[in-house]
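S.K.: Spelled out from the first residue to the last, the chains are:
Number of protein chains: 2
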Amino acid sequence: MAATINQREFSFLLYEFLDTEKLLERPRYTEHSRDIFDSMLETANKIAVDFFAGHNAKGDEHEPVFEAGSAKVIPEAARAWRAFADAGFLSAHWEVEEGGLQLPEVVLRAAMAAFFAANVSTAGYPFLTIGAANMLRVFGTDTLKHSYLAAMGDGRSSGTMGLTEPGQGSSLGDIKTYAVANPDGTYRLFGQKMFISGGDQDFTDNIVHMVLARIQGAPPGAKGISLFLVPKFLVNEEGAPGERNDVALAGLLHKMGWHNTTSTVLSFGEQGGAVGYLLGEPHRGLAHMFQMMNEARIGVGLVASCIAYRGFSESLAYAKERPQGRLPSAKDPLSKQVRLIEHADIRRLLLAQKAYAEGSLALCLYASALFEDQQTHADAGERARAALLLDVLTPVVKSWPSKYGCAANDMAIQVLGGAGYTKDYILEQLYRDQRLNPIHEGAEAIHGLDLLGRKVVMQRGEGYRLFVETVTAEIERARDVADLKGAADALAAALGELSAVTPILVALQATDPDRALANATIYLDVFGKITAAWMWLRQAYVADRALAGCSNAVDADYYRGKLQAARYYFQWDLPGTAAQFALLRSVDTVPYDMQESWFQ
Amino acid sequence: MAATINQREFSFLLYEFLDTEKLLERPRYTEHSRDIFDSMLETANKIAVDFFAGHNAKGDEHEPVFEAGSAKVIPEAARAWRAFADAGFLSAHWEVEEGGLQLPEVVLRAAMAAFFAANVSTAGYPFLTIGAANMLRVFGTDTLKHSYLAAMGDGRSSGTMGLTEPGQGSSLGDIKTYAVANPDGTYRLFGQKMFISGGDQDFTDNIVHMVLARIQGAPPGAKGISLFLVPKFLVNEEGAPGERNDVALAGLLHKMGWHNTTSTVLSFGEQGGAVGYLLGEPHRGLAHMFQMMNEARIGVGLVASCIAYRGFSESLAYAKERPQGRLPSAKDPLSKQVRLIEHADIRRLLLAQKAYAEGSLALCLYASALFEDQQTHADAGERARAALLLDVLTPVVKSWPSKYGCAANDMAIQVLGGAGYTKDYILEQLYRDQRLNPIHEGAEAIHGLDLLGRKVVMQRGEGYRLFVETVTAEIERARDVADLKGAADALAAALGELSAVTPILVALQATDPDRALANATIYLDVFGKITAAWMWLRQAYVADRALAGCSNAVDADYYRGKLQAARYYFQWDLPGTAAQFALLRSVDTVPYDMQESWFQ
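Chains A and B supply the protein sequences, listed in that same order.
Those letters in the first sequence? Residues 1 to 600, by our numbering.
Those letters in the second sequence? Residues 1 to 600, by our numbering.
Hints listed in this document are in silico derivations from the structure and should not be mistaken for laboratory results.
The reader is advised that the hints may include incorrect statements.
If several chains are the same, the list does not tell them apart, and a pair holds so long as it fits within one copy or across any two.
As the list claims (entries may be wrong) - Keeping only pairs whose Cα atoms sit at most 30 Å apart, straight-line, the calculated DSS-like set for lysine-lysine is:
(1) K336 to K223
(2) K423 to K176
(3) K176 to K320
(4) K22 to K423
Please read these numbers as outputs of a predicted model, since none were measured by experiment.
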């Protein structure tokens with residue numbers, strides 16, 4: 001058992017489940033090869049094992065401390081950051097002329113998975129830095145890029161996203177941080193940001209914050225928010241950090257998990273104003289920010305998949321070793337104890353984890369492939385289709401892995417029993433780390449509202465229709481395989497239920513949006529279950545075909561495992577949607593009708 | 001919001017939902033009154049607030065440390081222990097001649113709930129001491145009682161249960177600790193015990209361990225285990241502790257939660273043998289131990305209920321205060337923000353928590369009332385019926401609150417969003433503390449096997465039939481109330497499903513026990529959901545009747561809250577059993593068939 005993701009899983013997902021090799025036909029990737037992709041993944045795996053996994057528990061034990069106005073992090077995190085940057089992962093997906101390797105998005109994300117599985121809270125820093133640099137690449141002026149981008153690519157500078165404030169959480173239209181224009185075109189920012197991950201640390205020369213603020217006099221609400229680049233240190237013309245900007249670390253938040261990722265309160269403008277540079281257009285900042293938020297949402301899904309996968313793999317290793325009692329059929333107390341994995345309920349806990357972890361990983365890489373197509377597909381129509389489908393799927397890609405990742409890590413503890421509750425094993429830390437994922441980058445309810453209130457209705461339902469069409473194509477393909485027909489029919493039935501209930505809820509939004517959206521979180525959950533079933537049907541299809549022509553016993557067993565996990569999902573999880581559809585169909589109002597005074 | 005349980009909830013559960021006042025007719029309680037019961041509850045609440053709640057976070061932050069062979073606990077825990085003991089709670093349920101107050105079991109447990117809600121890990125010490133003392137009361141010789149009981153009643157001594165060992169977890173038949181008979185009738189014990197809660201601390205003069213060990217030459221397996229009282233210090237004739245016994249603290253386990261309850265590894269007999277006194281009959285130790293285990297199992301259910309209740313009440317208070325965004329219908333960004341509780345999904349999270357927390361509390365007090373009837377009902381037939389029903393229900397009383405308590409505490413975090421993930425609020429600690437409950441006193445799977453493999457089949461199904469009969473009586477009563485007819489019918493249907501599937505699984509146990517019991521955990525879950533629905537139907541019945549004659553607006557709202565929580569449970573949770581019954585009916589073997597080599 002490695003501390004990362006089984007490389008066999010990546011080869012299945014990238015080259016069998018997805019058609020990553022086909023990317024090599026695209027002009028951007030003519031210099032690439034499958035060998036290059038694989039060697040990037042191997043490098044990621046090696047660095048993850050050598051520089052990230054080893055201090056995961058130490059980082060959990062030794063939270064960053066607030067010292068002399070700055071956050072001090074354990075030195076292992078600095079070494080991990082340096083190894084990550086030196087291997088070129090911060091800029092791997094950039095264009096060659098930007099200093100990058102033009103690595104496809106889906107390969108980059110597969111590489112990131114190794115780090116998330118090894119040590120999510122140290123990997124949080126590069127994760128955010130990559131997203132922040134992408135903002136600068138898209139919305140920055142040439143001057144700004146010249147000053148700040150190279151350092152974010154080679155690791156001299158990290159990046160963050162500065163959205164949330166103490167007075168508001170998910171409601172970004174209510175932020176109070178404001179910006180005052182300077183005569184030279186720059187701005188001075190004033191205000192406070194909270195829950196800023198990686199907002200301070202002591203291992204880079206600089207930190208580049210992507211900050212949302214309201215230019216004085218801007219319209220109220222979400223339409224008056226602008227996006228600024230606010231560095232910790234201002235830089236000179238060569239990009240070398242000089243004067244300290246007016247951004248102060250006001251405090252560190254202490255959390256249940258992710259200890260080694262600082263979570264900060266930052267004060268802007270306590271000494272005259274923090275210098276900020278407008279990115280993109282004024283008042284369009286929230287729209288711009290959605291690039292980073294959407295990237296981060298898919299990233300959170302991937303993080304959740306990896307934490308779930310790690311828990312699965314650690315609990316599997318334990319279950320294979322640990323003797324524990326006997327089977328119900330064994331009556332002789334002197335008979336040898338069996339190992340945990342021989343107990344049916346332990347296999348259930350392992351198989352469910354496999355279904356959640358590998359299903360999530362498949363979904364997140366599928367989403368990354370859509371992102372790739374949206375950017376580099378030769379056909380403009382296909383680019384648009386990929387973008388539209390990804391837009392619909394984003395709340396699901398964020399939420400389903402997060403929710404069922406928590407369930408998976410819960411099961412991983414249960415496999416170990418009392419041992420799983422102790423700090424002698426990583427399972428309890430994974431459980432704590434995972435719990436953040438249904439919260440950050442939009443709490444679960446936000447994504448339900450986004451899906452049902454926005455994604456499903458946008459473009460008169462065009463995105464929803466594309467989703468149905470795509471899943472239906474998968475169903476049709478699988479129906480021709482005898483062993484998969486039952487699953488395909490079950491998915492078709494669930495999809496039919498979804499398509500029956502969706503227009504009811506969409507129509508009601510016009511007259512009674514509060515009631516129409518009251519059960520949006522449940523809608524998100526069934527949408528997620530259908531999406532996950534789709535991912536498992538697709539994996540089963542691929543595995544079934546591969547098994548037919550497979551002569552290698554280990555590979556054959558691998559494919560049988562995929563087929564059994566798919567069976568599990570269709571037999572054990574998808575049927576649970578029936579009761580949820582009944583609630584949605586009837587537009588149930590039991591929670592909606594609950595009165596505050598009835599809570600006592 | 002108090003740090004304990006709303007006193008209104010107790011008055012409902014004890015005097016409306018249960019008929020606790022009727023106990024006053026029994027000879028044992030002639031000196032009692034409702035006022036006395038209530039004043040015990042008020043005292044418990046006051047001590048819980050004054051001595052337990054305040055150091056809950058500190059105990060979490062400052063784990064006990066291993067120092068000079070002993071566990072050192074924060075001083076606040078000692079003061080809490082002293083206050084608890086001085087108020088007489090350790091011996092409140094004992095007979096007057098034992099030095100007790102003859103308090104009914106159900107009132108004692110309601111009093112304990114206040115402590116569990118305030119600070120479960122400090123309350124762990126008295127919880128275990130009460131159980132250990134009950135063992136001594138039942139199985140101890142007069143001499144042993146004379147030596148050890150009084151100190152366990154006034155707080156000079158605590159108590160523990162010593163079952164688990166490093167080499168086995170749930171499989172007690174495999175324990176290796178052994179006992180050698182001394183000529184004077186005492187024994188010397190040798191071996192190691194693990195996960196012993198409260199196994200050492202520094203605030204009592206003595207600790208009395210209830211230890212399972214195998215007398216040399218005993219039969220193998222569960223039928224060769226005996227029960228011993230093994231004190232930390234041997235006592236003189238007056239009961240004063242003298243010589244240190246050969247029980248050594250070998251180490252402290254570090255856990256995800258319950259930090260302030262020491263979890264210990266204890267070594268017996270490293271210096272010639274730990275003196276132990278046989279309790280009850282030789283080789284009958286496991287059967288005897290079931291008294292304490294069953295008491296602890298109901299206790300764990302109660303603990304889980306209280307942690308869930310605390311999370312509910314803390315997240316409710318936050319949701320009432322915190323402004324956050326606007327409703328979907330509000331289009332004006334300048335309109336005032338609404339409070340969290342005004343969002344439908346937040347009300348769902350709160351209502352579900354109410355359904356789980358109050359449903360669990362009702363179930364645990366119902367179980368305590370059965371325990372009471374088993375001991376003190378005037379009619380021998382009724383005593384036997386209560387004992388039988390409690391025996392069937394024990395795995396459910398342990399498991400349902402533990403499982404759905406975890407779900408409730410998860411929701412409590414979600415209500416707060418990012419704030420809930422920080423250590424600024426108690427929610428994340430409750431989430432960690434709660435996670436132990438599906439593990440200790442028998443992991444979830446053990447209770448599934450106990451329920452389906454033992455409880456349902458024992459006495460040719462007599463216990464199961466009594467369960468069905470009791471639930472059916474509740475259904476019949478509720479059917480006469482127009483507003484409850486739908487719920488009553490739904491419960492009758494689910495109970496019908498259970499009674500259809502049970503004989504299938506019982507019959508299969510004769511020929512293929514491994515397959516018959518493969519889905520026992522799912523059986524436990526549906527049994528639990530039906531039991532919870534029964535508890536909610538009963539609460540709804542009481543609330544509906546009370547509301548009809550209620551003139552007080554606050555009380556009326558309280559009853560409306562009960563009715564809405566019942567509606568929630570029947571509308572949102574019970575229907576989920578349909579998919580589970582389908583699995584059970586078909587004796588699904590997907591996890592059972594999964595092969596080890598398919599996991600890669």
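S.K.: Checking K22 and K423: alpha-carbon separation at most 30 Å within a copy, between copies, both or neither?
M.R.: For K22 and K423, the Cα distance exceeds 30 Å both inside one copy (45 Å) and across copies (48 Å).
S.K.: For K423 vs K176, is the C-alpha pair at or below 30 Å within one copy, between two copies, both, or neither?
M.R.: between (41 Å within a copy, 25 Å between copies)
S.K.: At most 30 Å between alpha carbons: which applies to K176 and K320, within, between, both or neither?
M.R.: between (54 Å within a copy, 23 Å between copies)
S.K.: Between the shortest in-copy and the shortest cross-copy C-alpha distance, which are at most 30 Å for K336 and K223: within, between, both, or neither?
M.R.: Between copies, since 17 Å is at most 30 Å while 69 Å is not.
Hint 4 alone, counting from the list given before, is not met by this structure.
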